[in-house]
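Visitor: The lines below spell out each chain.
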Amino acid sequence: MEQLLENFSLDLFVKQTILFLILIFLMVKFAWKPILKALNDREEGIKDALDSAESAKLEMQNLQADNQKLLQEARLERETMLKEARDLKNKMIEDAKGEASVQASKIIEQAQAAIASEKQAAISDLKAQVANLSLEIAEKVVKEELSNKDKQLKLVESMLGEAKLN
Amino acid sequence: MNYKGIKVVSKLTTIFSLIFLISFTAFANDGNKGEYNDPVNTQEEINEYIEHHVKDSHDFHLFDYYSNGEEHAVGFPLPVILWGENGLTAFMSSAFHHDDSGKVIVEKNGSRFVKNHGTIYELADGADTVVYDAEHHPTNASKPFDLSITKSVFGILLFGLLMLLWFGKLGRQYKKNAVPTGFGRVLEPLVIYVRDEIAKPNIGPKYRKFTGYLMTVFFFIWISNLAGLMPFGFNVTGQLAVTASMAIFTLVVYLFSSNGHFWSHQLWMPGVPYLIRPLLAIIELAGTLLIKPFALMVRLFANITAGHIVVMSLISIGILMKKDMSAFGSTTLSLVLSMFITLIEVLVAFLQAYIFTMLSALFIGMAVEEGEHH
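Listed in order, the protein sequences are those of chains U and H. Residue numbering for the first sequence follows this note's numbering, beginning at 1 and increasing consecutively. Residue numbering for the second sequence follows this note's numbering, beginning at 1 and increasing consecutively.
Just so you know, not all the hints are guaranteed correct.
Quick look at which bits of chain U chain H covers, simulated, 3 or more residues with Cβ under 8 Å [claimed, not checked]:
hint, stretch
1, 6-12
2, 27-33
3, 38-47
From chain H, some residues computed to sit far from chain U (all C-beta separations above 10 Å) [claimed, not checked]:
hint, residue
4, SER94
5, ASN109
6, ALA281
What the hints contain is simulated information worked out from the structure, not anything from laboratory work. For each residue, glycine too, the CB sits at the ideal point set by N, CA and C.
Extracted from the complex, chain U is given alone in its bound form:
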């Protein structure tokens, strides 16, 4: 203890106290305050940057998920559209087929009707011609064989009987 006290110099103590006090004030003012402020700002800046990067990442992920969803929807829509188009096509073909057959049968009917009426007309025409022809024949026969009248008549009747219609 005595040795300690002997080592202690009051002059140096006073000088150190004053100088150290000045040093603390100067260091705080010119060094530690700006340094600590800058370090704090920088650390906060880094933290903010990391946070915003994280949120940007999340946003990106959301965006990607949205894109995926949109893509899925678009695909589904395309498929339904394709299906509808296919159905429509099939229906149109069916419809066309049906209409065509109806039309065809109608045409056939008309044709048959036309054929039938033509046939009727032809038959009546033929009947008229046959009658004319018969009359001409009869005339000739009459002209030639007016003498043999009975015989002639028998012949006409047999000839008419033979002339069958179709």
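Fit chain H to the known structure of chain U by using the hints.
Guide: Positioned in the frame of chain U, the structure of chain H alone reads:
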């Protein structure tokens, strides 16, 4: 002052300080009549030399050499500033001609001064040497107030200036760029280390207010300790006055920042029987006001002083063991041992700065801690 000017001053000061700390160039002083062929080589002389070295002194003494039978001391003087009976007196310490035994009298400003074992006395009228009484108090001389730039004061000024320039520059660098360049890159992690490893964990959320003080203490002690390992032999943190001053700074800081919770625990400890509480209060008060600062003061002083003494003792092995081990053996032994101890001292230099700062932070943390509200 503009930025460029500060930069140049900073660079120059750093360079000069480094040259000053590392090189051995010194100014030769006028010789002192001494006996030739009487170097410091006995046990007693070495002890005295070591004891002299760990004390503060009024000049830088590097080495002595002999020429023409005269002893020449190499070093350089420092200003002596005294506040004595005739007011302020200033002269260079070379006026004492390296005398430390009270023989050389310096007459200045109507006063006569002698230097005896590192202390300057103002002689009373008619006296020409200091006479001591039984309790080692001078009877015919008074002690003027010594404002001299002694070796330690020079060190304090130099280290303070270096810190101011280095860290001030680092602080200015941040204005331009968020990342420092050059030497600032070395200093920045140290600042962050003190803040994150010493201030934050020990003080808690209120650390910001005390970080400036803790960092000043840490870097001042560390730089002083390291400078103590270089030539020129600064022994700033090995001066009891210096460590006492810093310990009292810590005491003042934690006393002034202490809160009600701290004092309620000091004076009336809750949770113990009422009879024991006054006893505990005495113990706690003694701890807070005396033991903590005393421990801070003695720990740093003793570690650094002991380091210096051990290194010098190991170096002196080379002289003392010469007879037993031959010159080569003793020199090798002392070199190897002192090299290892010096390496350990480099660690101790950091460790003691860390411990002083850490304990200061811990004491401040105890004083500002908020009680848990039950």
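Visitor: Evaluate each hint against the coordinates.
Guide: Hints, one by one, checked against the model:
Coverage of the stretch 6-12 of chain U by chain H holds. Counting CB-CB distances below 8 Å, 6 residues qualify, and the rule asks for three or more. Check result for the stretch 27-33 of chain U against chain H: holds, 6 residues qualifying (beta carbon to beta carbon below 8 Å, three or more required). Only residues whose C-beta sits within less than 8 Å of a C-beta in chain H count toward coverage, and the stretch 38-47 of chain U has 5 of them, enough to reach three; the restraint holds. Residue placement check: SER94(H) keeps its beta carbon more than 10 Å from all beta carbons of chain U (closest about 20 Å).
Listed as outside the interface, ASN109(H) is consistent with that label: its C-beta sits roughly 18 Å from the nearest C-beta of chain U, beyond the 10 Å cut-off. Residue-level check passed: ALA281(H) sits 26 Å from the nearest beta carbon of chain U, beyond 10 Å.
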